[in-house]
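Those sequence lines, one after another, are chains Y and D. Position one of the first sequence corresponds to residue 1 (the numbering used here), numbered consecutively onward. Position one of the second sequence corresponds to residue 116 (the numbering used here), numbered consecutively onward.
What the hints contain is simulated information worked out from the structure, not anything from laboratory work. Please note that a few of the clues may not be correct.
Claimed, not checked - Every beta carbon over 12 angstroms from chain D, so not counted as near; a handful from chain Y, in silico:
1. Glu52
2. Arg55
3. Phe64
4. Glu82
To be verified - Simulated crosslink set (DSSO-like; lysine-lysine; CA at most 30 angstroms straight-line):
5. Lys185/D with Lys13/Y
6. Lys1/Y with Lys188/D
7. Lys131/D with Lys57/Y
Just so we're clear, the structure is a prediction, and the values are computed from it rather than from any experiment. Ideal placement from N, C-alpha and C gives every residue a C-beta, glycine not left out.
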Amino acid sequence: KAGVTQTPRYLIKTRGQQVTLSCSPISGHRSVSWYQQTPGQGLQFLFEYFSETQRNKGNFPGRFSGRQFSNSRSEMNVSTLELGDSALYLCASSLGSARSTDTQYFGPGTRLTVL
Amino acid sequence: AQKITQTQPGMFVQEKEAVTLDCTYDTSDPSYGLFWYKQPSSGEMIFLIYQGSYDQQNATEGRYSLNFQKARKSANLVISASQLGDSAMYFCAMVSGAGSYQLTFGKGTKLSVIP
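Based on the provided sequences and hints, a complete structural model is requested.
Structure (structure tokens):
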């Protein structure tokens, strides 16, 4: 079974631009979560989607948004990029059952650099 | 509030020796799940092992075992017979609370295996 895939793997943008990252979950997984990893803040939860609905949201500004499609694929968008948005963005998928403790499997990440 | 504490920023272990990575957690919810992930320098988060709060026995997965001490709120990862490929960052994480699907991560421990 194929794992979680993320595209693109690397991205360089300039301040003020916007960016869209894509995530395809493991086949049969219906929940997709997004995390930001930076050296200073560590791993932080952005949001989680299930059946095209956002169930959970972390403490990030409104510039960070996401969506999920009917095939469970997800995208996240960051508008008006700031230097501090430079990070590794990780997507994780899980079965999405009622159990919140379902294991989340991660993709390889998208490394975003904002100049 | 949920919190994960990993007090060892870095550790060294001789090849073929066993090593214990510490993790303590804090949550007021009786239902929670604890996870360990490995992150090599490539960036991908690799799931290693899971322990549920109601599990009676300590989890094991091949060379990985989890020393779960509920009363002390600790969930230490034990890696037996260390291999050079085990050199990586290791993160302890938790999901707790009904309806919460977000992982809370510790700051991680960098493990270096010495030949």
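Going through the hints against the structure:
no.	hint	in the structure
1	Glu52	holds (15 angstroms)
2	Arg55	violated (6 angstroms)
3	Phe64	holds (14 angstroms)
4	Glu82	holds (22 angstroms)
5	Lys185/D with Lys13/Y	violated (46 angstroms)
6	Lys1/Y with Lys188/D	violated (35 angstroms)
7	Lys131/D with Lys57/Y	violated (42 angstroms)
Figure legend: structure checked against the earlier numbered hints; hints not met, in rising order: 2, 5, 6, 7.
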